[in-house]
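J.: Construct the complete structure from the given sequences, taking the supplied hints into account.
Following UniProt numbering, the numbering of the sequence shown begins with 1 at its first residue and continues without gaps.
Keep in mind that the hints were calculated from the coordinates and are not lab data.
Once the Cα atoms are required to be at most 30 Å apart in a straight line, the calculated DSS-like pairs of lysine-lysine come out as: (1) Lys15 to Lys5; (2) Lys59 to Lys29; (3) Lys21 to Lys7.
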Amino acid sequence: MAHPKRKISKTRRDKRRTHYKLEAPGLAKCPTTGEMHLPHRAFWLDGKLYYKGQVIIEKEIQA
1 MAHPKRKISK TRRDKRRTHY KLEAPGLAKC PTTGEMHLPH RAFWLDGKLY YKGQVIIEKE
61 IQA
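T.: So this is what it looks like as structure tokens:
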């Protein structure tokens, strides 16, 4: 089984990992509402669930 000949220091290990960066998610614009949302996902707006520009579920408002 292979194993390192010398211990890699924390600094050297961390330098190698610096290229992993967090990226902002890509957003899509709904053709019906103009709302920005994650692509290929449904989103709620004003009590309605939209997917691909169509209303999927309308939430009933309870008083």
